[in-house]
Amino acid sequence: MSAGLYTELLDLACGTFLLTAVLVLWLRELAAIVRVFALQGVALAAIAVLLGAHEQRWDLAGVGLGVGVLRAGVLPYLMRRALAGAAADRGSEEVRETQPLVNVAASLLTAALLTLLAYAVARPLTQLNPTPATRALPVGLAVVLIGFFVLVTRRRALAQVVGFLLLDNGITATAFLATSGVPLIVELGVSFDVLLAVLVLQILTTRMREAFGTTDIDDLRELHD
Amino acid sequence: MNTALLLTTPVAAPLAVAAAYALTGARAPHPARTCSHGHPVVVAETPVTVPAVEPEPERRPQWCPSAWWGLVSPVAILLCGSLLAAGVLDEGPASAFSGLLRADALTAWMLLVVGAVALIACGSAPAYLADEEAAGRASGRARRHYHVLVQAFLAAMCLAVMTGNLGVLWVAIEATTIVTAFLVGHRRTRTSVEAAWKYVVICSAGIALAFLGTVLIYYAARHAGIAEAWALDWPTLAARADRLDPAVTRLGITLVVLGFGAKAGLIPLHAWLPDAHSQAPAAVSALMSGVLLSVALTAILRYRVIADAALGPDFTRTLLAGIALLTLALAAGLLLAQRDYKRMLAYSSMEHMSLIALGAAIGSPLALSAALLHIAGHGLAKSVAFCASGRILQLTGTTRIGRVRGLLAHVPSVGGVFGIAVVALAAFPPFSLFASELGIARAGLAAGTGLAWATSGSLLLALIAFAALATRTTHMLLGPGPVQPESPTEPGMWPLTLGLAACAALGIATGPLTDLLHAAAQAIGGH
Amino acid sequence: MNAIGYVAVAGQVMAVVIGAPLLTGWMRQVRARLEGRAGPGPLQPWRDVRKLLRKEPITPVGTGPAFRAAPALLVATTVVAAALVPLLSTDTPVSAHADLIVVVALIALGTLALALAGLDTGTAFGGMGASREMTVASLVEPTLLLSVFALSIPAGTTNIPAIVSSAAHAPARLASPAGLLAIAALAVAILAETGRIPVDNPSTHLELTMIHEAMVLEYAGPDLALVELGAQMRLTLLLGLLSSLFAPWGIATSASWAALAVALALLAAKVLLLGAVLAAAEVFWAKVRLFRVPELLAGSFLLALLAVTASYFLNGAA
Numbered sequence: 016m017s018a019g020l021y022t023e024l025l026d027l028a029c030g031t032f033l034l035t036a037v038l039v040l041w042l043r044e045l046a047a048i049v050r051v052f053a054l055q056g057v058a059l060a061a062i063a064v065l066l067g068a069h070e071q072r073w074d075l076a077g078v079g080l081g082v083g084v085l086r087a088g089v090l091p092y093l094m095r096r097a098l099a100g101a102a103a104d105r106g107s108e109e110v111r112e113t114q115p116l117v118n119v120a121a122s123l124l125t126a127a128l129l130t131l132l133a134y135a136v137a138r139p140l141t142q143l144n145p146t147p148a149t150r151a152l153p154v155g156l157a158v159v160l161i162g163f164f165v166l167v168t169r170r171r172a173l174a175q176v177v178g179f180l181l182l183d184n185g186i187t188a189t190a191f192l193a194t195s196g197v198p199l200i201v202e203l204g205v206s207f208d209v210l211l212a213v214l215v216l217q218i219l220t221t222r223m224r225e226a227f228g229t230t231d232i233d234d235l236r237e238l239h240d
Numbered sequence: 020m021n022t023a024l025l026l027t028t029p030v031a032a033p034l035a036v037a038a039a040y041a042l043t044g045a046r047a048p049h050p051a052r053t054c055s056h057g058h059p060v061v062v063a064e065t066p067v068t069v070p071a072v073e074p075e076p077e078r079r080p081q082w083c084p085s086a087w088w089g090l091v092s093p094v095a096i097l098l099c100g101s102l103l104a105a106g107v108l109d110e111g112p113a114s115a116f117s118g119l120l121r122a123d124a125l126t127a128w129m130l131l132v133v134g135a136v137a138l139i140a141c142g143s144a145p146a147y148l149a150d151e152e153a154a155g156r157a158s159g160r161a162r163r164h165y166h167v168l169v170q171a172f173l174a175a176m177c178l179a180v181m182t183g184n185l186g187v188l189w190v191a192i193e194a195t196t197i198v199t200a201f202l203v204g205h206r207r208t209r210t211s212v213e214a215a216w217k218y219v220v221i222c223s224a225g226i227a228l229a230f231l232g233t234v235l236i237y238y239a240a241r242h243a244g245i246a247e248a249w250a251l252d253w254p255t256l257a258a259r260a261d262r263l264d265p266a267v268t269r270l271g272i273t274l275v276v277l278g279f280g281a282k283a284g285l286i287p288l289h290a291w292l293p294d295a296h297s298q299a300p301a302a303v304s305a306l307m308s309g310v311l312l313s314v315a316l317t318a319i320l321r322y323r324v325i326a327d328a329a330l331g332p333d334f335t336r337t338l339l340a341g342i343a344l345l346t347l348a349l350a351a352g353l354l355l356a357q358r359d360y361k362r363m364l365a366y367s368s369m370e371h372m373s374l375i376a377l378g379a380a381i382g383s384p385l386a387l388s389a390a391l392l393h394i395a396g397h398g399l400a401k402s403v404a405f406c407a408s409g410r411i412l413q414l415t416g417t418t419r420i421g422r423v424r425g426l427l428a429h430v431p432s433v434g435g436v437f438g439i440a441v442v443a444l445a446a447f448p449p450f451s452l453f454a455s456e457l458g459i460a461r462a463g464l465a466a467g468t469g470l471a472w473a474t475s476g477s478l479l480l481a482l483i484a485f486a487a488l489a490t491r492t493t494h495m496l497l498g499p500g501p502v503q504p505e506s507p508t509e510p511g512m513w514p515l516t517l518g519l520a521a522c523a524a525l526g527i528a529t530g531p532l533t534d535l536l537h538a539a540a541q542a543i544g545g546h
Numbered sequence: 004m005n006a007i008g009y010v011a012v013a014g015q016v017m018a019v020v021i022g023a024p025l026l027t028g029w030m031r032q033v034r035a036r037l038e039g040r041a042g043p044g045p046l047q048p049w050r051d052v053r054k055l056l057r058k059e060p061i062t063p064v065g066t067g068p069a070f071r072a073a074p075a076l077l078v079a080t081t082v083v084a085a086a087l088v089p090l091l092s093t094d095t096p097v098s099a100h101a102d103l104i105v106v107v108a109l110i111a112l113g114t115l116a117l118a119l120a121g122l123d124t125g126t127a128f129g130g131m132g133a134s135r136e137m138t139v140a141s142l143v144e145p146t147l148l149l150s151v152f153a154l155s156i157p158a159g160t161t162n163i164p165a166i167v168s169s170a171a172h173a174p175a176r177l178a179s180p181a182g183l184l185a186i187a188a189l190a191v192a193i194l195a196e197t198g199r200i201p202v203d204n205p206s207t208h209l210e211l212t213m214i215h216e217a218m219v220l221e222y223a224g225p226d227l228a229l230v231e232l233g234a235q236m237r238l239t240l241l242l243g244l245l246s247s248l249f250a251p252w253g254i255a256t257s258a259s260w261a262a263l264a265v266a267l268a269l270l271a272a273k274v275l276l277l278g279a280v281l282a283a284a285e286v287f288w289a290k291v292r293l294f295r296v297p298e299l300l301a302g303s304f305l306l307a308l309l310a311v312t313a314s315y316f317l318n319g320a321a
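Residue numbers (the working numbering), protein chains in the order written: chain V, 16 to 240; chain Y, 20 to 546; chain E, 4 to 321.
Isolated chain V, as found in the complex (with noise of 0.2 Å):
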């Protein structure tokens, strides 16, 4: 693979892989959303195995597979199948952000000023070793902020467990964007601990609409000083 055609791929993989998490903001339809996120374990695996051809490492290639796997096959799965319980047991309310604590348009704007955030706070590492994928490095910490922002303004708790795989899928892509990813062992674990995540908070999103009666994160406000 020519070097040019390298980093035109690359910056492609990561600029969908940004306008992925831009998407999510953006909609309301968790079912969309999903299938946003979905889309984007794809980008993230496209980058690792870019990187891993790139850099005819094999291995690297084998755990973007991996990574595809799971960041666009079982994740997804799992919110869709909790989607689903959730529609059969509430009807429509429960599969649409109805009312985020900071609303779209405004969500879109900050999601711009943390793009730009991401950009000055990747300055340094950028500056470490330039290389094109490192010069894609803000976009991992891009995704990362809005994963933050996604998690603390949105109200359903299955967007609250997309935010977290957001900020989860940018650590991630920062990681093969440096350091072409951490030592297997490591990212082992990191997926396994990703996916029992993910499970426990599926199982706390069914007990609480047992207790709650819905899964709108703003009932729950029993715990106060």
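Fair warning: there could be bad hints in the mix.
Lysine to any residue pairs mimicking SDA-like chemistry, simulated, CA-CA at most 20 Å apart [what the hints assert, rightly or not]:
(1) Lys290/E - Leu42/V
(2) Lys290/E - Val119/V
(3) Lys54/E - Leu220/E
(4) Lys54/E - Gly44/E
(5) Lys290/E - Arg43/V
(6) Lys58/E - Gln47/E
Anything over 10 Å on all C-beta distances counts as not near chain Y; from chain V, calculated [to be verified]:
(7) Gly19
(8) Ala68
(9) Asp104
(10) Phe207
It is worth saying that the hints were derived from the structure and are not from the lab.
From a predicted model like this one, the values you see are computed outputs, not experimental measurements.
Ideal placement from N, C-alpha and C gives every residue a C-beta, glycine not left out.
Could you slot chains Y and E onto chain V? The hints should help.
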């Protein structure tokens, strides 16, 4: 003894016990029938391996082995901790599996603390659980889940203190979050589900930041010429930290401190702590507050060594001291307005964690030894306090301070233990928290103007917290008792008394542990 | 060379002025056919203009100069912009002045003139339309600027002809993430700026939803003809700009008659194609609710910003 075996046992023993609990559950054909569900008087059940018989309503509590299996792992952890301590003091750090498991003095110290607190928590658990079942709030199935999860929790914590690999350290600490999620939500009430959700979301997100920090450190390490296999190895990183790129390391360390700080109950991601600690079963609160917080803090202590070598001590000093002061101010303020005694204990944990963070910020050998001693003292006293509070909740049915009066007259044993534990937490002599707070204060006042001011400020805030704690506890303990006091024999009090005794003993003399304490402080930069 | 250059400028202006009603007629025709109607034919807008021009000019009582000057100002700014923007050739006598910011400011000036006219009538609809138009404009103008900026960074200049000619020489640049994001952002901004579905519906007079039509309700006769012509010219101009920026193939980069002729034919083809696509899309889209419009525009602004950051940081400029 074989090092690899010694290093593996603290992780493997709880896992084995967890597996044993899980298997007994799988073998029992009808879990609901083997438990005492619906028979309020039955406190302990027959071992589930025996074919289920209809429990007789009048049967008194009897010795039940499976309830006590849980004690195997704390004992194993304590044993390995002491053996490792002896080994480490003689021969220096030991490691196995190419650095994945590693023990130095700090590891041994933390293992001892984990073991001791786990002993208290697991020792008081059977009585607590039996009472929950008697009250119909839990089933046999839930109890088995409880045991499996607690053991897995212990294993994850041991892994976190025993690994030399910073990536595995992260994995282990995140694993504690996942395992304890269901423990926090054990009671399945609205409040406990809410607490569990907040706990998982805030802690996972916070700790994800720590992973980002870890990745950045790894990135800096790779560009400092450290090979892939060793770029997350703590001793290697600590030894070559001066070559790390300062700008990247600064960013990474900030994220790590914020991220693990979330797990240690430090500002700004502390909001889960009072909710989770007030909703979890008492023994789990004891474990979380007593050791989980300090395990996360230990991770920060390890990173501090790297940061100090790469950036000079001022950066982490400012960061940690700032976070510690803010957390302390918040905890003291909320303690003043507290009306729930379990939340009161939770905020008191935040107060003590910020004192430990302050000790880490000061960073002199005296301060670090004091901080480590504080970890031990706080772990013992806080776990006793939480276990006692769980019993109080069972007796009174409320967590509101205003509704609890005259505990000393009502149930002298529980009230007494709770009172003494709070006295210990308020850092009265002879308990070890007195010695350690004194050590932190002395080190802070000797450390230069800025830190001296920070220390004075935190002492003032600690005083406020102490006053709040004392007033609330007095309200609960004193006052007229009921007309006819209940039977004075309370089950499950021996571990609590033992814990308080240990805490007091540590305060009088650290004895054979002195060398270990100093070696541990030295391992994390107290030269 | 100068002669060809001036002819090119004149050709651009004529193409926009004459072509604008034809484009609108073409789009209505496409739409009619897709909806199964016969349609009035592409010449209908010209017939409308002729009819309106013959009528007596009437202005409402109490309106001032802002109302009277607005139609002329709208057409004038659009004509100047059409002369500046490289539609046929990047090498004209005025191309040195065709700065991005000038062009966007000219377009904004036309919008502002109409909004003032809407306020000047003192009617409820006029004021409402003006306030909505300004809300939309406050998000659209920065988006227009930013999305073209994204393309200007690789070219190293904000001069639009220079951007177009450099893009014509390096077409691969347009397929980069920055280019794609900028296309998406610019397309949304153009839809909003020209008052098309999904932001506004050009054929509605339903008071709750209209934006552009609400401002010009009070116009009649020749003034209305000018306003309509102005709006149609802006659509043509912006579609032309879009095609020049992202499909610059065929545009004349040197002074030659043949190149100019080819460019004219290709411009017509590209704009007609874009118009057909837009008309077809409008058949299938619904107008978004007014409260969702800022979301759409904020989204396109974000896309434009991402395009700028991407082209600045990813392509090695850092």
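Find the nearest Cβ of chain Y to the Cβ of phenylalanine 207/V and say whether that gap is larger than 10 Å.
-> 8 Å, violated
Compare the distance between the alpha carbons of lysine 290/E and arginine 43/V with 20 Å, and conclude whether the hinted pair is satisfied.
-> 17 Å, holds
Satisfaction of hint between glycine 44/E and lysine 54/E, Cα-Cα up to 20 Å | 16 Å, holds
Sort out whether glutamine 47/E lies within 20 Å of lysine 58/E, counting only the CA atoms.
-> 17 Å, holds
Hey, lysine 290/E versus valine 119/V, does the alpha-carbon distance stay inside 20 Å?
-> 18 Å, holds
Mind checking the alpha carbons of lysine 290/E and leucine 42/V for me, to see if they're no more than 20 Å apart?
-> 17 Å, holds
Given pair status - leucine 220/E, lysine 54/E, alpha carbons within 20 Å | Status holds; Cα separation ~18 Å.
Verify that the Cβ of aspartate 104/V lies farther than 10 Å from every Cβ atom of chain Y, and report whether the claim holds or is violated.
-> At roughly 16 Å from the nearest Cβ of chain Y, aspartate 104/V sits farther out than 10 Å, so the non-interface label holds.
Against chain Y, does glycine 19/V keep a CB gap of more than 10 Å to every residue?
-> 25 Å, holds
Going by Cβ atoms, does alanine 68/V stay more than 10 Å from chain Y at every point?
-> Per Cβ check, alanine 68/V is outside 10 Å of chain Y; nearest 19 Å; holds.
In terms of the numbered hints stated before, the structure departs from hint 10 and from no other.
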